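Enquirer: Between the sequences and the hints, there should be enough to build the whole structure, so can you do that?
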Amino acid sequence: MTAPGSSRRTVKCLVWDLDDTLWDGVVLEGDDPRPFPHVPAALRTLDARGILHAAVSRGDHAVATAHLDACGLADWFCAVRIGWGDKAAEVRRIAETLNIGLDTVAFIDNDPAERAQVNAELPMVRCYSAELAGQLAARPEFSPVHVTAEAAGRRQLYRTEWRRRQAEEESGGDRREFLASLGLVMEISPATEDDLARASELTVRTNQLNSTGLIYSEDELRRLSASPGHQIRLARLRDRFGDYGTVGLSVTELTPAESVLRLMLMSCRVASRGASGVMLAHLIQQARGEGRRPVTHFVPTAVNRNMLVTLRFAGYAPVGAQPGGARRGGAQPGGAGPMVLEVPADHPDPEPGGHVRLLVRNA
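Numbering (our numbering) for the sequence shown: 1 to 363.
No wet-lab data here; the hints were simulated from the structure. Bear in mind that the values here come from a model prediction, so they are computed numbers and not experimental data.
In the SDA-like style, the derived pairs of lysine to any residue whose C-alpha atoms are separated by at most 25 Å in a straight line are: (1) LYS12 <-> TRP76; (2) LYS12 <-> GLN156; (3) LYS12 <-> ARG81; (4) LYS12 <-> LEU122; (5) LYS12 <-> ARG159.
Expert: As structure tokens, then:
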């Protein structure tokens, strides 16, 4: 188990400039530029590792996207923003659209002035010159620890999410009606051997809806799964558009009196679906059904405040200060313990959310 913040973040999305970076020339100048020879291999390799591709470039949107399609490259990109605006602002919008942190975004451009401008406005975004495009796959920040089958299909998951966003825009703005129309189904089940790589990957990649930021290896999760004093649960989600895949993970320590959530996380891709509340409601009801008090740890970071809000909505409330800052064995490295919260005995069970159908599999 690794404490939060102990390693530099792997790139989740590479944002490409197009003219003289992705292809050799400028589309609007009447050229018919071809992709540089190293570009298709770079796109394929990074995509297979679960790293997304997006484009931010200057020019006419219709012309540039038509040329991407003509070159057979359009399907590699999950977001494209072409125009005459500020590139740093467009990179920020890409991160917001994909719901990922800017510190997991990289930007590649042939123009040093453009790179300098993005670097000045978004210092957490890593910038690369176009000459390095063929070498990026060999760099550690583009080499995730886990490359699962789900990671290799990540681009399609995000492209499907793009279709969901379009449907939401067309729905007229009534969010409750839109969520109800999705036909969301969540399945919660114990982690199996086949799940461990994805579960470990989630602990590395998920930061916003993450209660403690602890990182678990496959071996650690395997050991905990076999322990009668622990429960590992995974949440999968699907709707009428398709499968979101495995999106949630909980690591719970069981004592005779308490069910202690050491880690609860939910993929940022489903942050707006109410999925965290559904999983927490199930975990609270399960703990109470087993005669245990629901307890959770929370370690604040720069990006996970929404997780604390979600915990509070589910019924968790801070308990009195404990020696060392936490309950048994909960102190974090450096002596700073996590916040401890519990669901009071007189608090009603949280409602799981009527827009999500819950399926629970116990084996």
